[in-house]
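All chains should be built: construct the whole structure from the sequences, respecting the hints.
Listed in order, the protein sequences are those of chains A and B. Residues 1 to 578 (this note's numbering) are what the first sequence spells out, left to right. Residues 579 to 1156 (this note's numbering) are what the second sequence spells out, left to right.
Bear in mind the hints are in silico, worked out from the structure with no lab data behind them. Using N, Cα and C, we set each Cβ at its ideal position, and we do this for glycine too. Be careful, since some hints might not be right.
Claimed, not checked - Result set (DSS-like, lysine-lysine): computed pairs, CA atoms no more than 30 Å apart in a straight line:
1. B/Lys730 to A/Lys370
2. B/Lys948 to A/Lys387
3. B/Lys948 to A/Lys137
Said to hold, decoys possible - Here are some chain B residues pointing at chain A (derived, C-beta under 10 Å):
4. Pro627
5. Ser628
6. Thr642
7. Glu962
8. Thr967
9. Ile972
10. Gly976
11. Ala983
12. Pro1077
13. Ser1078
14. Gly1119
15. Phe1130
16. Pro1135
17. Pro1137
Said to hold, decoys possible - Residues of chain A placed beyond 10 Å of chain B at every Cβ, according to the derived structure:
18. Asp8
19. Gly100
20. Pro110
21. Thr280
22. Gly289
23. Thr518
24. Asp546
25. Arg548
Number of protein chains: 2
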Amino acid sequence: MTTLIRVDMAKGTVSTEELPKEYAQMGGRGLTSAIVSHEVPPLCHPLGPSNKLVVAPGLLSGTTCANSGRLSVGAKSPLTGGIKESNVGGNAALKLGRLGIAGIVVEKQPPEGKWYYLLVNKDGARLLPADDLKGLKNYDLATRLHEKHGEKVGIISIGPAGEMKLSAASVAVTSTQGKPARHAGRGGMGAVMGSKGLKAIVVDDKEAPGVSYADHEAFKEAARVFRDALKAHAVTKPGGGLAVYGTNVLTNVINEAGAYPTRNFTEGRFEGAPKISGETMHDIIKERGGSTTHAGCSTCIIQCSNVYVDKDRNYVTSGFEYETIWANGANCGIDDLDAIAQIDRLCDEYGLDTIEMGCAIAVAMHAGVKAFGDAAGAIELLHEVGKGTPLGRILGNGAAVTGQAFGVSHVPVVKRQGLPAYDPRAIKGIGVTYATSPMGADHTSGYAVATNIMRVGGFVDPLKPEGQVDLSRNLQIATAAIDATGLCVFVAFAIMDIPSGMEAIPKMLNARFGWNFTLDDFTEYGKQILRLERKFNESAGFTSVDDRLPEFFSTEPLPPHNAVFDVPPAELDKVFDF
Amino acid sequence: MTTLIRVDMAKGTVSTEELPKEYAQMGGRGLTSAIVSHEVPPLCHPLGPSNKLVVAPGLLSGTTCANSGRLSVGAKSPLTGGIKESNVGGNAALKLGRLGIAGIVVEKQPPEGKWYYLLVNKDGARLLPADDLKGLKNYDLATRLHEKHGEKVGIISIGPAGEMKLSAASVAVTSTQGKPARHAGRGGMGAVMGSKGLKAIVVDDKEAPGVSYADHEAFKEAARVFRDALKAHAVTKPGGGLAVYGTNVLTNVINEAGAYPTRNFTEGRFEGAPKISGETMHDIIKERGGSTTHAGCSTCIIQCSNVYVDKDRNYVTSGFEYETIWANGANCGIDDLDAIAQIDRLCDEYGLDTIEMGCAIAVAMHAGVKAFGDAAGAIELLHEVGKGTPLGRILGNGAAVTGQAFGVSHVPVVKRQGLPAYDPRAIKGIGVTYATSPMGADHTSGYAVATNIMRVGGFVDPLKPEGQVDLSRNLQIATAAIDATGLCVFVAFAIMDIPSGMEAIPKMLNARFGWNFTLDDFTEYGKQILRLERKFNESAGFTSVDDRLPEFFSTEPLPPHNAVFDVPPAELDKVFDF
Chain A
1 MTTLIRVDMA
11 KGTVSTEELP
21 KEYAQMGGRG
31 LTSAIVSHEV
41 PPLCHPLGPS
51 NKLVVAPGLL
61 SGTTCANSGR
71 LSVGAKSPLT
81 GGIKESNVGG
91 NAALKLGRLG
101 IAGIVVEKQP
111 PEGKWYYLLV
121 NKDGARLLPA
131 DDLKGLKNYD
141 LATRLHEKHG
151 EKVGIISIGP
161 AGEMKLSAAS
171 VAVTSTQGKP
181 ARHAGRGGMG
191 AVMGSKGLKA
201 IVVDDKEAPG
211 VSYADHEAFK
221 EAARVFRDAL
231 KAHAVTKPGG
241 GLAVYGTNVL
251 TNVINEAGAY
261 PTRNFTEGRF
271 EGAPKISGET
281 MHDIIKERGG
291 STTHAGCSTC
301 IIQCSNVYVD
311 KDRNYVTSGF
321 EYETIWANGA
331 NCGIDDLDAI
341 AQIDRLCDEY
351 GLDTIEMGCA
361 IAVAMHAGVK
371 AFGDAAGAIE
381 LLHEVGKGTP
391 LGRILGNGAA
401 VTGQAFGVSH
411 VPVVKRQGLP
421 AYDPRAIKGI
431 GVTYATSPMG
441 ADHTSGYAVA
451 TNIMRVGGFV
461 DPLKPEGQVD
471 LSRNLQIATA
481 AIDATGLCVF
491 VAFAIMDIPS
501 GMEAIPKMLN
511 ARFGWNFTLD
521 DFTEYGKQIL
531 RLERKFNESA
541 GFTSVDDRLP
551 EFFSTEPLPP
561 HNAVFDVPPA
571 ELDKVFDF
Chain B
579 MTTLIRVDMA
589 KGTVSTEELP
599 KEYAQMGGRG
609 LTSAIVSHEV
619 PPLCHPLGPS
629 NKLVVAPGLL
639 SGTTCANSGR
649 LSVGAKSPLT
659 GGIKESNVGG
669 NAALKLGRLG
679 IAGIVVEKQP
689 PEGKWYYLLV
699 NKDGARLLPA
709 DDLKGLKNYD
719 LATRLHEKHG
729 EKVGIISIGP
739 AGEMKLSAAS
749 VAVTSTQGKP
759 ARHAGRGGMG
769 AVMGSKGLKA
779 IVVDDKEAPG
789 VSYADHEAFK
799 EAARVFRDAL
809 KAHAVTKPGG
819 GLAVYGTNVL
829 TNVINEAGAY
839 PTRNFTEGRF
849 EGAPKISGET
859 MHDIIKERGG
869 STTHAGCSTC
879 IIQCSNVYVD
889 KDRNYVTSGF
899 EYETIWANGA
909 NCGIDDLDAI
919 AQIDRLCDEY
929 GLDTIEMGCA
939 IAVAMHAGVK
949 AFGDAAGAIE
959 LLHEVGKGTP
969 LGRILGNGAA
979 VTGQAFGVSH
989 VPVVKRQGLP
999 AYDPRAIKGI
1009 GVTYATSPMG
1019 ADHTSGYAVA
1029 TNIMRVGGFV
1039 DPLKPEGQVD
1049 LSRNLQIATA
1059 AIDATGLCVF
1069 VAFAIMDIPS
1079 GMEAIPKMLN
1089 ARFGWNFTLD
1099 DFTEYGKQIL
1109 RLERKFNESA
1119 GFTSVDDRLP
1129 EFFSTEPLPP
1139 HNAVFDVPPA
1149 ELDKVFDF
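Rendered as structure tokens:
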């Protein structure tokens, strides 16, 4: 039996039900988006009692399938005002899967000032008081909960930012090493969790039943084929780019492409890139004795994660990623990797989206609050957020609010969500995804960079408007489906080039659940999820106007290519013609 | 000839053209909305170079018609993201009319940090450097400009809030006494003026040609009939409620009706109302030797304005209004009239919308930033805005941003604009106007309170949902037309009950311009303006979802009537069925 846990924060009660039939084929993003679509009033206040926070492991989470440890966190977003699924690795999805839990739905609100945490284990789920945990940063919180519930539990939690209901607040998930360094960062899911008075979810899979299989042998065979594809592709294989340099391998690549957003998206190349690149980071970590490669997420074989240590070899952060390094590096004109690592740690501690924070700080720098390149200033700003000062509350609510507060018109957001690490003027495919994804500006929802720059799955010239809409459409559909499985989006690099890897996914689903999914069904499944999300957003008031990039991307040419974003609006409206 | 002045802030040039044919019948709100609709890209950033600030006197401004001294200020609003016309009295509209100027269109932006002011007189218009005026508050600014250009000029200006481009920044206009106490408050028009680097417009009508009339005798006759109507109606006549107690006559009325929003719209009656009512204010002013009644706007015969003095008989503020007293009084739980007068003065000095500020401060109080009732705290908060501290920048961007900053879900805004002084649960007609006006929550755009409470123009039960949509529709249409004439909206009280007064308006327009407007044409004119505005908003991404009140008005009953807002959404969508 697959169960759905419902938590009523007003009554302080927990109930367990079999996953309703209407949601039966849904997992991960499929389940979060289905529940939010069906059960959350589109016009409710995201921080009010009518919103629901949904946490769901993917369909394959809990199995032995490689890279199947992703967790989806969904709700109506306080940042975008639309539907949101924020995707995170770590060790919780596997444990939820092994406990037979399809999802946790957190509803309503407790009396003002009351805090709880949810303990989920083989005996079910119950709410426990968290008054003594209130105010704790994520690392201390994880330590306390580990002391209480054992080192092996998975922890899903919020830091002070979530408690303050800031729109850039993330939901942290512990890594396989127990560090709260993996975050469902985007869209303020931490604020929704905070609005529910829920400080953490502790997932203990001790003596869990584990998953059952309709056909275990067939599953093992499909999982082997899938694993072989990951091990064969240049990007994902052991010793490949992701394993050796982590995601930060991209810094030199994107900078070289002239698409590396610098100083609040005013330039496409950063003179300080060599000081913060994956190659440089690799050497620093090696020299200091950190770890250049490891699996931060359950079942991961790509191992893009790492452990960054300071000059005295003390742990600073792990899962130190390209997006984080860009957002708080180049985008803020900062070329000091140690400072950026400290920023990453602070974001993890306070529970903040590193992308949104980097965008917000860069906008503040644009306004002159701090100078571009002022690393100490950026760290100071993050502490303001953690302390909840007025300046911190501006920044902690993201780039759009920061822009409004300081009267800046050059604000890189779509649907009020800050843009990630690829300038849409120089990589136009990702620009289409930013503009049209129901999630707001989000690189993971249709990673056209793969085809525009890395020539994975073919090639579409990044600087030309032609072909980008088709590219983004196909990727958004495939990604929605993959996000429902619990597979890491990085598997896409391999399966876009290796058909057997792609085909293995429906085979695994069929062997797990006794379904008869074809690849076409899988594609249809992705479309179905996107349709649900689009419909929610429409009901929440979104129109084609919300599927546009900010004005300046079409009026201010980006050096060095001096390109503008010129995919016609009418073309953008064709992304969802399916 | 009626001229349109265009100011190119990038080039620092001014050009004058005959009012283009397509705008020929447009004045006031009709002209601002037509120009914004036709010339401003709906998706532009409101603070970027593509937005335009349009200042336009009404069609009758400059004539001898009573109460024809209103000025319209329009642009794409940084507060709402939609089209905005903000309406203000004072002495500038008359002077522009007498100079034959139909409108001033301020375009593009100067280099960062450059400030100018525009001098308009019988010789034309020119930009002058304003570097020495930067940072001045409105009263000091007016003094400086009066010293330079004479006591009689009209001044349209921004204070520090506009310079900071805060979304609650107003555009001040000098009263007939030369005080910058009249404000186009709503929608952040001051921020748009600030984004253009324009500190002030000085209007000198010395030796102005004055207006010409197609038929002067007919005009005088119609103007007499119109004046007679104002003098005959109980609300508008000399010695009537508005003249004796000012607009603050409403405090006891609305409080009695249980519709007086108290402590951030959580109650409908304020125990401190007697201390801040119009009657009390009248006695205080009388006792101290201020002025209980005067004409703050050119050609005004209603004389709802006043001069409020402190205990030492020193001038504090003038045009001390019901909305201001409510927003910063009852809505913040404050019952100290002297403190509220000081807040009004501070808003006028810094150039801030008193309604938006009261809403924002109340939301901050709801979050615990200050306690409800803390008058000194509210004053402190306003100084934060004036100084541009981070806390001030939160508040100065209005109630919606304040709610987001502090994680408050109880935020009374429509289209991100704070609600005025009538709770829509207990006066449902005004709720329909709040929800559906293209301007965002705005009482002046369809003042259903007149019919719901004062039984002007008939009676529709304020507590019942029936009939409110028709009422609001008719009022919104009539108001749009009146806002184009330069007539004060208060004339509506008289002309809704006295048909000859209503009929006099098209007669005056015909006699002035040689038109053949019927009353039906006048109604059609109002519809035309609303259609333009709705179309702009649609192009900017607004849908029916934006024509809704916040969730809590339908879920939280308002004491003492324990009413919720229950006009069905489908009914709201019928407001613009015309």
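For each hint, the structure was consulted:
1. Distance check on the hinted pair: B/Lys730 and A/Lys370 sit about 44 Å apart at the alpha-carbon level, beyond 30 Å; violated.
2. Note on B/Lys948 and A/Lys387: the hinted pairing holds, with a Cα-Cα distance of about 18 Å set against a maximum of 30 Å.
3. Taken as a hint, the B/Lys948 and A/Lys137 pair is honoured in the structure, with Cα atoms around 26 Å apart against an allowance of 30 Å.
4. Here the hint on B/Pro627 is kept, as its CB sits about 8 Å from the closest CB of chain A, short of 10 Å.
5. Contact between B/Ser628 and chain A, as hinted, is supported at the beta carbon level, the nearest pair being about 7 Å apart and thus within 10 Å.
6. A hinted interface residue such as B/Thr642 counts as satisfied when its beta carbon comes closer than 10 Å to some beta carbon of chain A; here the least separation is about 41 Å, so the hint is violated.
7. For B/Glu962, the interface hint holds, since its Cβ comes within 10 Å of a Cβ in chain A; the closest pair sits about 8 Å apart.
8. The beta carbon of B/Thr967 comes within 7 Å of a beta carbon in chain A, closer than 10 Å, and the hint placing it at the interface holds.
9. Nearest Cβ of chain A to the Cβ of B/Ile972: about 6 Å, under the 10 Å cut. The hint holds.
10. With a cut of 10 Å, the hint placing B/Gly976 at the interface with chain A holds, because the nearest CB-to-CB distance is about 9 Å.
11. A distance limit of 10 Å between C-beta atoms decides the matter here; for B/Ala983 the minimum to chain A is near 4 Å, and the interface restraint holds.
12. Checking B/Pro1077 against chain A by beta carbon gives a least distance of about 41 Å; that is not within 10 Å, so the hint is violated.
13. Residue-level restraint check for B/Ser1078 is violated (minimum Cβ-Cβ distance to chain A is 44 Å; threshold 10 Å).
14. A distance limit of 10 Å between C-beta atoms decides the matter here; for B/Gly1119 the minimum to chain A is near 3 Å, and the interface restraint holds.
15. At about 7 Å, the closest approach between the beta carbon of B/Phe1130 and any beta carbon in chain A falls short of 10 Å, and the interface hint on this residue holds.
16. Hint status for B/Pro1135 relative to chain A: violated, with the closest Cβ pair at about 15 Å, above 10 Å.
17. Nearest Cβ of chain A to the Cβ of B/Pro1137: about 19 Å, over the 10 Å cut. The hint is violated.
18. Residue-level check passed: A/Asp8 sits 17 Å from the nearest beta carbon of chain B, beyond 10 Å.
19. With a minimum CB-CB distance of about 34 Å to chain B, A/Gly100 clears the 10 Å threshold, and the non-interface call stands.
20. The claim that A/Pro110 lies off the interface holds: its Cβ sits roughly 14 Å from the closest Cβ of chain B, which is beyond the 10 Å cut-off.
21. Distance to chain B confirms A/Thr280 as a non-interface residue, since its nearest Cβ pair spans about 35 Å, more than 10 Å.
22. With a least CB separation of 41 Å from chain B, A/Gly289 remains clear of the 10 Å interface cut-off, as annotated.
23. The Cβ of A/Thr518 lies farther than 10 Å from every Cβ of chain B, with a closest approach of about 37 Å, so its non-interface assignment holds.
24. With a minimum CB-CB distance of about 6 Å to chain B, A/Asp546 fails to clear the 10 Å threshold, and the non-interface call is violated.
25. Against the 10 Å criterion, A/Arg548 falls within the reach of chain B, whose nearest CB is about 6 Å from its own CB.
Going through the hint list in order, the structure does not satisfy hints 1, 6, 12, 13, 16, 17, 24, 25.
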